[in-house]
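Asker: Combine both chains into one complex, guided by the hints.
Residue numbers (numbering that gives the first Met the number 0), protein chains in the order written: chain A, 0 to 275; chain B, 0 to 275.
For the record, the hints were derived by calculation from the structure and aren't laboratory data.
There may be inaccurate statements among the hints.
[Stated by the list, open to error] Think about it this way: if two alpha-carbon atoms lie no more than 35 Å apart in a straight line, the pair counts; the simulated DSBU-like pairs of lysine-lysine are:
#1 B/Lys208 with B/Lys130
#2 A/Lys167 with B/Lys208
#3 A/Lys167 with B/Lys153
#4 B/Lys90 with A/Lys68
#5 A/Lys167 with B/Lys130
#6 A/Lys167 with A/Lys114
#7 B/Lys148 with A/Lys68
#8 B/Lys132 with A/Lys172
#9 A/Lys114 with A/Lys128
#10 A/Lys172 with A/Lys110
#11 B/Lys132 with B/Lys208
[Stated by the list, open to error] Ranges between beta-carbon positions, derived for each pair:
#12 B/Arg234 with A/Pro127: 52 to 58 Å
#13 A/Arg273 with B/Gly56: 42 to 48 Å
#14 A/Lys172 with B/Gly128: 17 to 23 Å
#15 A/Lys167 with B/Pro64: 30 to 36 Å
#16 A/Glu168 with B/Asp92: 33 to 39 Å
Heads up, the beta-carbon is just placed ideally off N, CA and C, and yes, glycines get one too.
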Amino acid sequence: MVDTDVISGSLVSRRDLSGSGTGRRVRSAASSLGWLVLGIVLCIIIWQLIIVFTGVKPVTLPSPLDVTKRTWALRAELWTNMIVTLKAILIGYGLAIVVGVLVAVAVAFSKTVEKLVYPLLVLTQAVPKIAVAPLFLVWFGFGIEMTSLMAFVLCVFPVVINTALGLKELNPKYVRLGSIMGGNRMRIFIRMRLPAAASAMFAGFGLAITFATIGAVVGELVAGTQGLGYMANEGAGNLDTTLTFAAVVVLSILGIVLFYLVQAVEYAVVWWNRGR
Amino acid sequence: MSATVQSSNTRDGVMTQSDQPLDLAPVIGFEHVGKTYSTRTGGVVALEDVDFSVNEGEFLTIVGPSGCGKSTLLSMMAGLDSPTSGDVKYKGDRLHGPATDCGMVFQEDLLLDWRTAINNVLLQFDMRGQKGKPHRDEASALLARVGLKGFENKLPRELSGGMRQRVALCRALVHQPDVMLLDEPFSALDAMTREDLNFLLADLMASEKRTAVLVTHSVEEAVFLGDRVIVMSPRPGRITAQITIDAPRPRVWPSEGGDLQRYVRKVREILGMEHS
Numbered sequence: 000m001v002d003t004d005v006i007s008g009s010l011v012s013r014r015d016l017s018g019s020g021t022g023r024r025v026r027s028a029a030s031s032l033g034w035l036v037l038g039i040v041l042c043i044i045i046w047q048l049i050i051v052f053t054g055v056k057p058v059t060l061p062s063p064l065d066v067t068k069r070t071w072a073l074r075a076e077l078w079t080n081m082i083v084t085l086k087a088i089l090i091g092y093g094l095a096i097v098v099g100v101l102v103a104v105a106v107a108f109s110k111t112v113e114k115l116v117y118p119l120l121v122l123t124q125a126v127p128k129i130a131v132a133p134l135f136l137v138w139f140g141f142g143i144e145m146t147s148l149m150a151f152v153l154c155v156f157p158v159v160i161n162t163a164l165g166l167k168e169l170n171p172k173y174v175r176l177g178s179i180m181g182g183n184r185m186r187i188f189i190r191m192r193l194p195a196a197a198s199a200m201f202a203g204f205g206l207a208i209t210f211a212t213i214g215a216v217v218g219e220l221v222a223g224t225q226g227l228g229y230m231a232n233e234g235a236g237n238l239d240t241t242l243t244f245a246a247v248v249v250l251s252i253l254g255i256v257l258f259y260l261v262q263a264v265e266y267a268v269v270w271w272n273r274g275r
Numbered sequence: 000m001s002a003t004v005q006s007s008n009t010r011d012g013v014m015t016q017s018d019q020p021l022d023l024a025p026v027i028g029f030e031h032v033g034k035t036y037s038t039r040t041g042g043v044v045a046l047e048d049v050d051f052s053v054n055e056g057e058f059l060t061i062v063g064p065s066g067c068g069k070s071t072l073l074s075m076m077a078g079l080d081s082p083t084s085g086d087v088k089y090k091g092d093r094l095h096g097p098a099t100d101c102g103m104v105f106q107e108d109l110l111l112d113w114r115t116a117i118n119n120v121l122l123q124f125d126m127r128g129q130k131g132k133p134h135r136d137e138a139s140a141l142l143a144r145v146g147l148k149g150f151e152n153k154l155p156r157e158l159s160g161g162m163r164q165r166v167a168l169c170r171a172l173v174h175q176p177d178v179m180l181l182d183e184p185f186s187a188l189d190a191m192t193r194e195d196l197n198f199l200l201a202d203l204m205a206s207e208k209r210t211a212v213l214v215t216h217s218v219e220e221a222v223f224l225g226d227r228v229i230v231m232s233p234r235p236g237r238i239t240a241q242i243t244i245d246a247p248r249p250r251v252w253p254s255e256g257g258d259l260q261r262y263v264r265k266v267r268e269i270l271g272m273e274h275s
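Next up, chain B with everything else stripped away, as it sits in the complex (with noise of 0.2 Å):
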């Protein structure tokens, strides 16, 4: 399977792979974004000429060093940043402000410690002016399908990282959103509770055939969630290179053996990780 992408191909090798299908419209585009900070001892360039689309119910990771401008670029879809040059698309029109029709997850769970897990998932709601009462059925049912059931009238504290992670995802998703944004969700937790949360992430958008972007500096990590991985240089941050990940779902983890070591193999190839 995949004999296209094989560790012998060169770096442009790997760049031709980067040709998304064309009968699937982009619901994100970013056309040759650049993002200059200027600073006392001048501009530092974070992003230069970053050129990629999303595309429908495609799950698309981003990985790349510390500083190389991924989560700029989560934070740019998400319209909570600007580019300084070139645009960001969505949906074929320029963004204007937070994508409110995006789902977003965060490093830190940002739970609010005097709601309850289901009245944190139905923030999603009240933030939006409307009732949160209407959707509780919903909510309470996303929680079930996180593992949570019974732990709906939990306090935050009265939860552990991961299961407030569950909840934090769960409030991303209860308003069914156009496109799930998750920068670096899982990288405060412990290896176990991570592994874990990747494996029902990797079900919840494969079910759904969501649309979602995550941004990690796991290796791993991005492989095995990703239909497709873009590789980012360090700054100024930069395209390297896109690979698809030709691999059926579900999935093994890449370290347990299977199609997807080769796929990391490659990426760390590519980000001068390889060790010989």
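Just chain A, same shape as in the assembly (with noise of 0.2 Å):
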């Protein structure tokens, strides 16, 4: 490989030789986020050319700098109801991992459970859980229950599949070794098919800390009275489509930043995958 940059080429070099490939990985990822960069800032060349070119008024259209400034001008009051609405995010993306990891293990370690509960999961995947809100609103009542709540079943599938499908892909030929070396079910499963199983688990976390991002923001729109979903639902209200940008801009920061941190826990604890 021929490397222009100096300083990252003796980085790859030096990282090279321990033979862990950690340097092109962190490169790898710097320039993906420089990819990132650029497409934004081309979505935003082109938000403005539409603006420039048909005319569009700024009730139904603010521009890029409009909405910038709103969102420096209002940034105390997103900041607090950030807070509001990660907190419904953390919740239920929390008992998501908690409840989801559980099933899944009791479905990979019984066909029993399997045979109950994979139908009816699949099944509820048919429900579209966007229209059970108003149900929430009802049974929880306007508030972060409600929210999280939301949060918590749009995000909880992802998980017990990816874990269920993880656990159950390790090959059978390590328990029979596992066997023969004294193992029981509990080590070969904490020392075989646990950490076999991180890799697959956290696609399934990833998928989840988006869908409870989307759950979180649902549940505001319908019952909320605080957080980025309700800011943007009082903006299109009062016809104040800057504040809604505004809240869907912090929205989209907070998706990120989410996303991104969930990969950066999946490579500190995958870490043997790092250089595939």
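Answerer: Take a look at the structure:
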């Protein structure tokens, strides 16, 4: 590989000598971030061009500059509302991981549980979960219980499916190897099955954080008194489109940050897959 | 040397060679073992009336075409599979459950990606619920013995196929097993690596007088490694011949000349592989 960048080039070769390939990985992450920024900049340019060439009214589509100004002016209010939304996301997501992993372990270990739970899970997938939001409003009222439960309902499925698949993925020969070494079910699970499933589990966790964000926002749209979803709804209700855009911008940043945080945790936990 | 096993011998003549030295107690005994698998179209006889024993300190090899049930035989020795008729005895007792005093090597190395070479070896103790730390020096010495000095802290993905299988060998040896069970351990490797590892294995087993059973479809391998070769017929798997390889160690590879060529020809003849 020919390197144009001297600094990163020396980093790559030094890391490669140690055999880990981490340098290359860091560089590719940096370059993918670069492409993301480029994509966002392009979108903003197109956005501005649409306004210039179609003459659409600011109440319908405010300009990027207006949105930026408004976001900055409302920064304190956006921040407190962002914290509210973040709380709902994290409660729902945390619950989904705990419940989802436990269910997946039961599914992976017992054929009976699998036969009982799997069709139910698939069936609940067919239900448009957003449609239960009004029902949750009736049951749990306005507040964080309702919004975090919406987040939970939307994101628990990918956690269960990916974890169950990952846990069942282990080559059965490992179980034979483990048992001839005197390993019981528990030790084979902890030392072989669970680490082998880690990659698949994180694929599910990554999907889930995105779904949790959608769930929390939908909850706030329907039953919020606070939060970014509530703010976006308020803006649209008062024909204050700029406010809606400001809320959406913060929401997008929140979503991206959360997604990359999950990736960072995966990078730390499933360290042995880094070079792949 | 060993004029008794001439190629002019009849098949029956070879069979009379099967009697083992009687002063050694068998470690493993197969008594009229049969195995039938039930399928939709009825029972398939995989093994029929298999009767032999493995003696202390002996290197026994089992050779036969694919589908002769030789791997099933090994699984039964390991206690991972049970016969449908007859008995498998381990030191005189019937086997119940995995034979944890054995060490087993499979065709795949089955290393754990997240453990370094030495920690993969120490898995042998972890699986037994013992601490691996006190055995670090033994594991390290064993790795050095198979030519992996300096590779102790490498991850599997940093090792070649041959190196990985060497680690698997160490993992099966580190707890000083009563019997080494090897299920086509080198058949996934390239020819050169394979030959290297055969010499290493012969040396390892001979130097410690360790009891070993190896299953293979390579006649050269079976003859080169074995003190005794069991030849099996295809489905239903039966023992067609047992040949004592009366050649001193260290041996030269059969195709390089020497005594072993004669045995190879004999076994090939029994298997119906001679093309004139």
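Asker: All hints, please: hold or fail.
Answerer: Tested hints:
{"no.": "1", "hint": "B/Lys208 with B/Lys130", "verdict": "27 Å, holds"}
{"no.": "2", "hint": "A/Lys167 with B/Lys208", "verdict": "40 Å, violated"}
{"no.": "3", "hint": "A/Lys167 with B/Lys153", "verdict": "27 Å, holds"}
{"no.": "4", "hint": "B/Lys90 with A/Lys68", "verdict": "84 Å, violated"}
{"no.": "5", "hint": "A/Lys167 with B/Lys130", "verdict": "28 Å, holds"}
{"no.": "6", "hint": "A/Lys167 with A/Lys114", "verdict": "14 Å, holds"}
{"no.": "7", "hint": "B/Lys148 with A/Lys68", "verdict": "64 Å, violated"}
{"no.": "8", "hint": "B/Lys132 with A/Lys172", "verdict": "26 Å, holds"}
{"no.": "9", "hint": "A/Lys114 with A/Lys128", "verdict": "23 Å, holds"}
{"no.": "10", "hint": "A/Lys172 with A/Lys110", "verdict": "19 Å, holds"}
{"no.": "11", "hint": "B/Lys132 with B/Lys208", "verdict": "27 Å, holds"}
{"no.": "12", "hint": "B/Arg234 with A/Pro127: 52 to 58 Å", "verdict": "55 Å, holds"}
{"no.": "13", "hint": "A/Arg273 with B/Gly56: 42 to 48 Å", "verdict": "46 Å, holds"}
{"no.": "14", "hint": "A/Lys172 with B/Gly128: 17 to 23 Å", "verdict": "21 Å, holds"}
{"no.": "15", "hint": "A/Lys167 with B/Pro64: 30 to 36 Å", "verdict": "33 Å, holds"}
{"no.": "16", "hint": "A/Glu168 with B/Asp92: 33 to 39 Å", "verdict": "36 Å, holds"}
When the structure is compared with the earlier hints, violations turn up for hints 2, 4 and 7 and for no others.
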